[in-house]
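In order, the protein sequence lines correspond to chains A and B.
For the first sequence, position 217 (counting from the first letter as 1) is numbered 247 according to my numbering, and the numbering increases by one without interruption.
For the second sequence, position 26 (counting from the first letter as 1) is numbered 578 according to my numbering, and the numbering increases by one without interruption.
Keep in mind that the hints are not guaranteed to be accurate.
As the list claims (entries may be wrong) - Reference listing, derived: stretches of chain B covered by chain A, where coverage requires no fewer than 3 residues with Cβ under 8 Å from a Cβ of chain A:
(1) 558 to 570
(2) 588 to 600
As the list claims (entries may be wrong) - Beyond 10 Å from chain B on every Cβ pair, some chain A residues (computed):
(3) Ala-57
(4) Arg-83
(5) Pro-88
(6) Gln-95
(7) Asp-108
These are calculated hints, taken from the structure and not from any lab test.
Idealized CB from N, CA, C, for every residue including glycine.
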Amino acid sequence: MPCAHDLAHHRCVSSPRVLPDGKRSRALRLLGAVVLLLLGVGGFTPLANGLNRWMAGPSELKPAQAIVVPGRGGSDSDEVLTNASLRRTLRAIALQQQGLSPLIVFSGENLEVDARVQLARGLGIAAESLLPAYGGRTTREEAVLIEGLLKPRGVQRILLVADSIDMPRARALFEARGFTVLGGQTWDGGPSDPESRLHLLREIAIELSAWCYYRLRGWI
Amino acid sequence: MVDFDTFVGPALVAVTSLGAWLVGTRRLGLPGAGLAPASGRMLEAIGLLLVFLALNLGVGAALILAWRSVTGHFVSLYILNDATLGVFALVQALVFHWWWLRGRRTE
Chain A
31 MPCAHDLAHH RCVSSPRVLP DGKRSRALRL LGAVVLLLLG VGGFTPLANG LNRWMAGPSE
91 LKPAQAIVVP GRGGSDSDEV LTNASLRRTL RAIALQQQGL SPLIVFSGEN LEVDARVQLA
151 RGLGIAAESL LPAYGGRTTR EEAVLIEGLL KPRGVQRILL VADSIDMPRA RALFEARGFT
211 VLGGQTWDGG PSDPESRLHL LREIAIELSA WCYYRLRGWI
Chain B
553 MVDFDTFVGP ALVAVTSLGA WLVGTRRLGL PGAGLAPASG RMLEAIGLLL VFLALNLGVG
613 AALILAWRSV TGHFVSLYIL NDATLGVFAL VQALVFHWWW LRGRRTE
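With the rest of the complex left out, here is chain A (with noise of 0.2 Å):
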């Protein structure tokens, strides 16, 4: 007897046990809808974008003691800066060069301090206006290490230079840490097309999963 209930009806037994259990599979299909929903919604709709923004929190470009500029994505095998971490660079150089701060502190890793320092060495930025971080391998351990760095020289005051989507976390451990932080986002647009907005909803899932690690641990 063919089965309504079933797409393989041909085979299946006419048994309220043909279909799975019904708690768990009414659990299993709220979850599905759950994720078809995010997924239309976050694809489709300006969702990510606002989310983003509104977790980055305000862009403050005004005078600093220091342009703290962390790691992101490191260097290619080139040595030749990543994406969001060239974006980073030259976002900070720039920043530097409209007088908003004597110093811009470059973390993460060695290779990407070092193509960062160079980088702005050649674009004008004098040898003692930079100021390198080296070693950070987590935003955490990054906000140490600048700790260790900028309160010797008495600075408090600092304008973070990163994108929208680190800066909850970066600026959540930089006030932990005494700081007076200014955002210095490299990007509030947001991306346009699907695809771009559920990369952004993938990142901001990590990076939401990532807060909440740092505040159980009482870092932030």
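Please build the complex by placing chain B on the supplied structure of chain A, with the hints as guidance.
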């Protein structure tokens, strides 16, 4: 902002889905009433995909954190940020889903 280009993909999917509906009902003789249960199955599979993805990420993160604390050797959590993990979770979900359905049928 949302623009016309954004909806090209969904429009294509709508057109090909309509085509599949016509082929299914007219050529293959599938009952139209079977579409709703099929959609339910699809939602179950996607739900399972999320479960497997969460499991893979959770176990991966726990192993990395344990590895860091036991050996002192740094491994970045960002290695879990890999789309292939999603593809593997999809395969796991589909296999488990079919296994589950088949198990229920043979009980």
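Now for the hints, and whether the structure bears them out:
1. 558 to 570: holds (count 4)
2. 588 to 600: Contact hint for the segment 588 to 600 of chain B vs chain A: holds, 11 residues under 8 Å.
3. Ala-57: About 7 Å separates A:Ala-57 from the closest Cβ of chain B, which leaves it inside 10 Å; violated.
4. Arg-83: holds (13 Å)
5. Pro-88: holds (21 Å)
6. Gln-95: holds (31 Å)
7. Asp-108: Fine: 21 Å to the nearest Cβ keeps A:Asp-108 off the interface.
The earlier numbered hint that this structure contradicts is number 3, and it is the only one.
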